[in-house]
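Engineer: Sequence:
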Amino acid sequence: MIGLIVALLTGCGGPDVRCEEPTTVLRERDATVLDCRRADWLVEYWELLRASPLPLADRRLTRRALVSRFDADPKGTVALLDEVRNAGLSMMSLKGADATDRRSREVFAALHGQGLVQGTDDLVQLQTKVLPTWGSADKAQVSLTEADVEAWIRYASLCREVQGGTALRISVADRVGVYRAVQKRFDEGPADVQRALGALGAMWPQVERAWQRANYLEQQEWIGKAPLPGPMTATSSEYARTIVSGDVVGHVQTLRKEFGPFTVTQRAPMFLVEDP
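For the sequence shown, position 22 (counting from the first letter as 1) is numbered 22 according to the working numbering, and the numbering increases by one without interruption.
Simulated from the structure, these hints should not be mistaken for lab results. It should be emphasised that the depicted structure is a prediction, and the values quoted were computed from it without experimental measurement. Quick reminder that beta carbons are idealized off the backbone N, C-alpha and C, glycines included. A few of these clues could be false.
[To be verified] Listed next, the in silico DSSO-like pairs over lysine-lysine satisfying Cα-Cα at most 30 Å (straight line):
#1 139 to 95
#2 257 to 184
#3 75 to 129
[Unchecked claim] Label pairs and their computed distance ranges (CB to CB):
#4 53 to 98: 21 to 27 Å
#5 119 to 227: 41 to 47 Å
#6 245 to 90: 43 to 49 Å
Given the sequences, and given the hints that come with them, work out the whole structure.
Structural biologist: In structure tokens, the structure reads:
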């Protein structure tokens with residue numbers, strides 16, 4: 001895997017890809033065109049699933065792997081990207097639990113050979129790399145991504161602050177323990193807990209903005225309804241574990257009711273560009 005990615009990134013025998021403009025043509029064969037705009041539909045779809053921007057190096061790897069697939073199957077590659085765009089637009093149109101459940105199920109499908117990107121080529125291996133997860137539930141068919149775990153840590157920090165404490169400060173060593181606690185709760189929890197734990201990553205940027213925009217009374221309304229723990233003098237990592245071991249379903253439902261319902265939109269400008 002590492003050797004493959006290094007080879008793709010450095011161009012050792014790989015296709016040359018340069019995206020100066022969305023209309024830049026990467027490949028063309030028999031009137032079938034792969035341009036940067038269409039290639040970035042997959043970038044943006046993966047960003048929706050991972051709930052965070054794709055690093056620049058991975059964006060380049062994605063375009064390069066798409067060029068390789070196009071060289072082998074031009075029409076099939078363009079058809080795949082059309083499907084990806086439609087799936088992304090459909091997901092972005094949903095709100096609340098419908099949106100986050102759909103996103104989590106599509107992560108699960110992508111990582112279990114059931115998603116849109118299938119096969120055995122570089123693109124499939126890259127998909128596994130760019131969708132880091134900390135758990136998958138076979139029965140509920142949802143996955144817990146790294147962005148979800150990070151969002152729960154940030155959410156716990158907000159909870160501690162509104163209770164009069166300081167923001168969480170978790171060392172690298174303790175952070176691993178918190179990650180494991182979230183993972184354990186996901187693995188052992190019922191389906192509604194798994195869906196709630198897998199929802200916060202996609203919601204979190206909007207939660208932060210909603211909290212910052214809310215006035216004092218609106219913030220107090222949420223504080224009064226959220227299932228916050230009792231007064232605590234626990235360490236940062238212990239407080240985060242307490243939040244995650246508590247009523248995570250209630251936390252997510254209260255956020256949606258008071259500030260939501262929220263979508264899964266990250267940023268997807270290329271999805272919204274109409275075909276010329």
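Engineer: If any of the earlier hints don't hold here, list their numbers in rising order.
Structural biologist: 6
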